[in-house]
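Per the working numbering, the very first residue in the sequence shown carries number 1; after that it's consecutive.
Hints were generated in silico from the structure; no laboratory data involved.
No farther apart than 16 Å at their CA atoms in a straight line, the calculated lysine to aspartate or glutamate pairs in the EDC-like style are these:
| id | residue 1 | residue 2 |
| --- | --- | --- |
| 1 | LYS370 | GLU436 |
| 2 | LYS426 | GLU452 |
| 3 | LYS115 | GLU34 |
| 4 | LYS426 | GLU416 |
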Amino acid sequence: MAAVAALVALGAVGSGCLWEREDHTFGSFCAVAEGGEQHCVGENLGPGAAWSQAEKDGALPIEMWATWPSNKALDEIVASSYSLDVWFGHVDEMIEHVRDDARNAESLRATLAGKLASLLDEATDRQRALLAQAPVDAAGNFKAAMIDKASAEREPLVAALAADRQAMAAVQAIFDQARSDAAPLQSKYAGVAARFAGYRATEAAETAAYAALSEQASRSDIDGLDGVEQAVLAAAREASRAPGELTAEILRSSAALQVFAASFDEAMAPHRELLATHGAVLPDTTSGALRSLNAMLGYVQGRVARSDATAAALLGGIALRRQALRVLQMDEGAREAVAGARTRKASDAFAQRARAQVAALSAAPPVSEKLGLPLLAERCGELSALVQLRPLCDAAASSWREAGCAELRGRFDAAEAELRTGLPQKIAAGLATLREKGMAAAALDAVEARLEAGDVKGAAIVYDAAVRGAEGT
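Let the sequences and hints guide you as you build the complete structure.
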């Protein structure tokens with residue numbers, strides 16, 4: 001059984017950057033081991049940092065989750081594709097760490113069914129509440145704009161233009177034609193909204209099905225895992241079929257509305273001056289419906305992405321469980337041999353990465369084409385990734401990493417010093433050159449503000465952007 005424990009303990013080193021101060025602004029990675037306390041670190045430290053802290057004071061399995069950005073309210077997050085992408089990116093990074101680096105199937109199951117699931121449910125429920133209003137309001141606005149408002153404004157428009165009956169007749173004809181053309185579009189939009197509402201109502205069942213498959217996989221033997229794997233694939237295919245058809249309907253409806261709006265605007269263009277003279281305002285015929293359709297499309301695309309990620313995580317967990325069960329069926333000698341082979345493989349891979357890191361840091365950072373200023377963001381990431389490995393290379397904890405740690409130990413102090421003083425000095429020198437070249441002060445002030453706040457990572461990124469901007473690249 002010592003071999004099995006060794007297999008569980010092996011895991012790839014998490015990637016990411018370690019900074020002098022952790023930053024929770026864009027979210028946090030959290031982990032809790034069985035019998036241990038909850039540990040949360042800023043997203044800039046990476047999920048591996050939270051896992052390592054939890055691993056020290058508890059037993060496997062370790063549950064992990066990623067919190068959403070702390071600088072926005074939940075309503076802002078679920079309404080913003082950018083904020084959701086940031087959070088989902090952290091969720092993917094955290095799941096990849098548990099699945100690919102820690103390689104612990106029970107921890108993956110605990111992660112998918114624990115706090116992460118409740119956070120996703122909370123965000124989904126809030127997004128559902130916001131989206132529930134959009135189709136209804138948009139349909140009402142659409143109908144009011146296309147029928148009621150047009151009819152209501154026609155009579156005062158007729159009175160205002162009584163002196164020009166020929167012009168009024170043309171405008172009235174356009175309104176009548178728009179009302180006729182709008183009827184089928186409004187009906188089609190209502191159908192799309194109804195189908196979207198039905199699709200949205202199936203999310204809870206879809207999530208429950210994945211959870212049930214995860215539970216079934218965790219209890220299955222090797223023979224049973226094949227059936228569960230096929231069920232996961234079937235669930236993923238079904239989860240992509242309905243939204244594919246709905247997406248096509250949404251896009252067709254949106255395109256038809258845009259064509260209608262363009263046609264209406266073109267027909268009214270010759271009469272705009274006449275309408276403005278008499279204080280008549282053209283109704284907004286389509287913007288509400290288009291915004292609603294865009295929100296539907298965003299929900300559909302986001303849900304498909306989440307479903308695909310869940311299915312991929314489940315398949316990865318099934319593969320890990322199948323592998324572990326096969327090892328357990330071996331005799332003691334075979335298990336020891338497998339453990340030894342994997343230890344050697346992990347050791348060789350870590351040593352190879354260590355040598356690559358040392359080689360990368362031995363080279364000078366790249367410089368810009370025209371001004372010859374150093375570009376430092378990538379260098380900053382390499383240095384931080386190296387510093388992050390220092391706790392893993394303590395003499396008492398290096399174990400199978402020893403070959404790689406031997407390559408790295410002589411670089412840790414220099415890397416920390418360069419992060420602390422070397423890079424900030426280079427950035428400051430580059431800013432001075434850019435000021436001499438007359439670059440706009442706002443961009444340079446933003447770099448200095450990040451340096452003063454101790455955010456070397458952010459300063460390096462904004463500095464590189466300023467250098468490229470100054471060169472027009």
